[in-house]
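Protein chains: 2
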Amino acid sequence: MIARLSTLFVRTLREDPSDAEVPSHRLLVRAGYIRRAAPGIYTWLPLGLRVLRKVEGIVREEMDAIGAQEVTFPALLPREPYEATGRWTEYGDGIFRLKDRKDADYLLGPTHEEMFTLLVKDLYSSYKDLPLSIYQIQNKYRDEARPRAGLLRGREFIMKDSYSFDVDDAGLDASYNAHRAAYINIFDRLGFEYAVVKATAGAMGGSKSEEFLAKAEVGEDTFVRCDNCDYAANVEAVQTRAPLAIDAAGLAAAEVVDTPGAETIEKLVAFLNAEQAQERIWTGADTLKTLLFTITHVDGTTEELGIGVPGDREVDGKRLEAYLGEGIEVQLFGAADFAKHPSLVKGYIGPKAIIAEGIRFLVDPRVVDGSAWVAGADDHGKHVVSLVAGRDFTPDGLIEVAEVRDGDGCPNCAEGALSTARGIEMGHIFQLGRKYAEALDLKVLDVNGKLVTVTMGSYGIGVTRAVAAIAEGTLDEIGLCWPRNVAPYDVHIVAAGKEAEIFEAAEALAKGLEAAGIDVLLDDRAGKISPGVKFKDAELIGVPTIVTVGRGLVDGTIDVKDRRTGEATAVAIADAVASITATVNSR
Amino acid sequence: MIARLSTLFVRTLREDPSDAEVPSHRLLVRAGYIRRAAPGIYTWLPLGLRVLRKVEGIVREEMDAIGAQEVTFPALLPREPYEATGRWTEYGDGIFRLKDRKDADYLLGPTHEEMFTLLVKDLYSSYKDLPLSIYQIQNKYRDEARPRAGLLRGREFIMKDSYSFDVDDAGLDASYNAHRAAYINIFDRLGFEYAVVKATAGAMGGSKSEEFLAKAEVGEDTFVRCDNCDYAANVEAVQTRAPLAIDAAGLAAAEVVDTPGAETIEKLVAFLNAEQAQERIWTGADTLKTLLFTITHVDGTTEELGIGVPGDREVDGKRLEAYLGEGIEVQLFGAADFAKHPSLVKGYIGPKAIIAEGIRFLVDPRVVDGSAWVAGADDHGKHVVSLVAGRDFTPDGLIEVAEVRDGDGCPNCAEGALSTARGIEMGHIFQLGRKYAEALDLKVLDVNGKLVTVTMGSYGIGVTRAVAAIAEGTLDEIGLCWPRNVAPYDVHIVAAGKEAEIFEAAEALAKGLEAAGIDVLLDDRAGKISPGVKFKDAELIGVPTIVTVGRGLVDGTIDVKDRRTGEATAVAIADAVASITATVNSR
Chain V
1 MIARLSTLFV
11 RTLREDPSDA
21 EVPSHRLLVR
31 AGYIRRAAPG
41 IYTWLPLGLR
51 VLRKVEGIVR
61 EEMDAIGAQE
71 VTFPALLPRE
81 PYEATGRWTE
91 YGDGIFRLKD
101 RKDADYLLGP
111 THEEMFTLLV
121 KDLYSSYKDL
131 PLSIYQIQNK
141 YRDEARPRAG
151 LLRGREFIMK
161 DSYSFDVDDA
171 GLDASYNAHR
181 AAYINIFDRL
191 GFEYAVVKAT
201 AGAMGGSKSE
211 EFLAKAEVGE
221 DTFVRCDNCD
231 YAANVEAVQT
241 RAPLAIDAAG
251 LAAAEVVDTP
261 GAETIEKLVA
271 FLNAEQAQER
281 IWTGADTLKT
291 LLFTITHVDG
301 TTEELGIGVP
311 GDREVDGKRL
321 EAYLGEGIEV
331 QLFGAADFAK
341 HPSLVKGYIG
351 PKAIIAEGIR
361 FLVDPRVVDG
371 SAWVAGADDH
381 GKHVVSLVAG
391 RDFTPDGLIE
401 VAEVRDGDGC
411 PNCAEGALST
421 ARGIEMGHIF
431 QLGRKYAEAL
441 DLKVLDVNGK
451 LVTVTMGSYG
461 IGVTRAVAAI
471 AEGTLDEIGL
481 CWPRNVAPYD
491 VHIVAAGKEA
501 EIFEAAEALA
511 KGLEAAGIDV
521 LLDDRAGKIS
531 PGVKFKDAEL
541 IGVPTIVTVG
551 RGLVDGTIDV
561 KDRRTGEATA
571 VAIADAVASI
581 TATVNSR
Chain X
1 MIARLSTLFV
11 RTLREDPSDA
21 EVPSHRLLVR
31 AGYIRRAAPG
41 IYTWLPLGLR
51 VLRKVEGIVR
61 EEMDAIGAQE
71 VTFPALLPRE
81 PYEATGRWTE
91 YGDGIFRLKD
101 RKDADYLLGP
111 THEEMFTLLV
121 KDLYSSYKDL
131 PLSIYQIQNK
141 YRDEARPRAG
151 LLRGREFIMK
161 DSYSFDVDDA
171 GLDASYNAHR
181 AAYINIFDRL
191 GFEYAVVKAT
201 AGAMGGSKSE
211 EFLAKAEVGE
221 DTFVRCDNCD
231 YAANVEAVQT
241 RAPLAIDAAG
251 LAAAEVVDTP
261 GAETIEKLVA
271 FLNAEQAQER
281 IWTGADTLKT
291 LLFTITHVDG
301 TTEELGIGVP
311 GDREVDGKRL
321 EAYLGEGIEV
331 QLFGAADFAK
341 HPSLVKGYIG
351 PKAIIAEGIR
361 FLVDPRVVDG
371 SAWVAGADDH
381 GKHVVSLVAG
391 RDFTPDGLIE
401 VAEVRDGDGC
411 PNCAEGALST
421 ARGIEMGHIF
431 QLGRKYAEAL
441 DLKVLDVNGK
451 LVTVTMGSYG
461 IGVTRAVAAI
471 AEGTLDEIGL
481 CWPRNVAPYD
491 VHIVAAGKEA
501 EIFEAAEALA
511 KGLEAAGIDV
521 LLDDRAGKIS
531 PGVKFKDAEL
541 IGVPTIVTVG
551 RGLVDGTIDV
561 KDRRTGEATA
571 VAIADAVASI
581 TATVNSR
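Heads up: the sequence lines are chains V and X, in that order. The first sequence begins at 1 in the numbering used here and counts up one residue at a time. The second sequence begins at 1 in the numbering used here and counts up one residue at a time.
Errors might be hidden in some of the hints.
When chains are identical, the list treats them as one kind, so a pair holds in a single copy or across two.
Here are the simulated lysine-lysine pairs, DSS-like style, with alpha carbons at most 30 angstroms apart [what the hints assert, rightly or not]:
| hint | residue 1 | residue 2 |
| --- | --- | --- |
| 1 | Lys443 | Lys528 |
| 2 | Lys450 | Lys498 |
| 3 | Lys128 | Lys498 |
| 4 | Lys99 | Lys511 |
Read the hints as simulated data drawn from the structure, not as lab findings.
I would like the entire structure built from these sequences, with the hints used as guidance.
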């Protein structure tokens, strides 16, 4: 087909939109692919819709290829199923809720676990009906606190979500692996760099879980990879390589020392290095930093929690959130909290007082039994040196919330070092297990005629987000630069000049390519639009092959340029259709 | 492609769903095409989704063919544009409203006039950019008071809505006519009987307006057709063929007569025929029935309205609603209203007292100047005979709200008679004119460099509703019966028997047809499912061609049946692929 820029509903902009934080957002708006309708809510213009449909098509093909069957659920959903699983409350402010004219509660679906589970319960009753994988490509809604980065974090967006139903764990593994393989095909075909990383399951519950992250500086997710083995994980899911327990036998006794004014780790370390015997240099890693939080559960109940981490590491907010689970609020101790616990001396709090106060105290895995620490002595201006875990204090358990850093040891191969990178979450696959099936009572008869609870998997791809991620991963300093598989058109022909012959030749070439099955965007704009403006628009719009019909025409040639490399070749007009078709089909 | 019933996500039901009011709803649920998620809100199962996508495809092709360009707007929309045009209020309880976490108002879009207008304003600025037609196929939301009939009146549904933008009325006419032609193509291809009727524009404002109605007994719309010319109109839009004004010169003077107890039209007519000189037989059509209403406008202000219609006709609620406009409430006078007007004698109210009380009094077009009526005499137990319009009372104007009946005169040819029928509104095209462009300030520079307000058209098709309307118009007593163009599959093969050869032959035939580009639904269910059950399912599901591979196999034949006519032919297995392919492609 041929689309003509003289009539195509598009306007390219010279100026960046004021609310665009990331390059893909800026360029998708400037090149006329999308338009903001409200914060985090976008309209798709014809160019954008073509890319979106191609991404959807690739996702659909690969889902169909593993035997998943397409359905479509409504976006407007009744409250009851989400109440049954607790998600109506857990989502907090994160979902859009509304009432109908009869005052019944509804929500705009954030994901559809409940609805899929109930549908299968409604239709199926026997192990013979399983395994089953069903999916939809459909509008989702989340009331994000900070919708940002255009399509990367929207409030209305398209997701492919699929769900697998199996009678046993082996079946779930097979369904999970089929989806994993399909996702690899999808992301390979979409044409951007990505990593598959271990993930936490978050609000979804469940066990095995991996994320597909597009590598991107603007990503909101941090992930790590090992330089020695194939370990990769979302930072929330990283397990610390903890040292082995140490025999405390030969260690010095704990000793309280005066550390006047050493209320921060930095001051404490400086003080120790200045005052203590100099056979060692003290660092933050020798100190135990304690933090106290008030946690509010989704049911409104509160709990106090103490956390101990090596003094050279911060508590990572995202890791803490992932540890606690969705919807749980966390607040550092304030004056009122300290007032309830007079034995806690701010700036000098140690494990002993926390434990004595009956506050649950969890420590970083590095705080193994036998490890010795400098910690607060629970007395103003004093710390305790050689405070040994397991000997001088016993924490209530471990917690994985300390920040992960480049160079940290790999928990998998125990030899490699981790490096961190940023990414955009493009897909998430996880084994839900029986959580939803139990909550909604989805059982089938097994081979022995006994009712068994079905085990489920849940698999999502951000489809609108993928458009932005592909744009982000492929753009350059002059504009968008689409991979062939998702480009809105195959070829962009620029009629460069004012002469009628140029327009006629461009039109004839477009028709020749159309007849060869090539989708053409033809810049046939007449009037005052200069060739320079047309070239700039072509670069901005980012169709992979740009053909110029212009001055070369007198010599019987046109100019064929690769948008990515910028390499241009003069091609005889007689060979143009064959040559360009070959280029397009070589992909 | 081949879909296999052994794995297809579908369950046919023997029982009708309890909430299904119309045959199409009953069968679409029983045959496993859709499933209710909430009142008026449906999930599309694989079979239904295939039909839906085919309908969408036909709509898209015909819209593209007239140069309309596809975009997609969000469903979740900000309040402000709808506030600017007044629709935020006018829709009353009919739209879903919600707030986001920042307490900003949103709605789920019922139609997108405002958003399209603002988008064009955002991108375009010159007459050179026009004409433009843009469309979307997208989820719409209306909080219907009585969601009924399955997909025929849903609360979440898919519409194709398009909008045209022109600089002048001639342009609007051309855009309107292009859409009208496209709609005729679409409804012809969808394969059901329909009528194109004149319509009122309802809440959309504007002038020229036509509806495409699928003929169906279960339809909520009534329309009329002339038996002499091509006039057809929605009942709300019917103009009464009014008689010419009569010269009042020779008419008798108005005379008050005692009509004790004649508080209804029937009693009055009986009384007149018993008491008056018998040179004529009085009927209800000789009497003038007066009705008094309190009208509440969308801004909350109220108004009193008197209506006079011939006594043999009711006021049609839908025609009154269409006359008053969307969101306006209307209530018959109650005791409190009469208390405000002591001169109005209930049961004996005549035009004179209504007019004397200062209440606006509108009459049916049959009440022409010079026509004589029996009306209430504004005195208990009395009527006035030979009360002549224009002589004895002067109404404030005309109103088209009297019921329309079979046999009423055609307003177009003035010779034919109207007959009424019921239909389902499938499409609505109308000339909005400048209402939205003015409200949202959409102007472009004209050829003289002067700013002019753009004129718009609005064109809708109920896509999910079309699926139900097609089903409704084509089903028979044994099940659904799809037209070829929208059938979920081309051929339904039943493997009828237990022998392995039968399953092998059925599978081989399916593969042969697949290779010929035919979409096959193969009933390969083994086990206890009898051929009888399989045939019943095939009839219920309604694929146009049903092929049985069974007993005939020993003679080298299969059975090819037309689902609609029931005609069956034995076909040699060797010729089966060619023969069935020819049948499918003959359409």
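### Query
So which of the earlier hints does this model not fit?
Of the numbered hints, just 4 does not hold.
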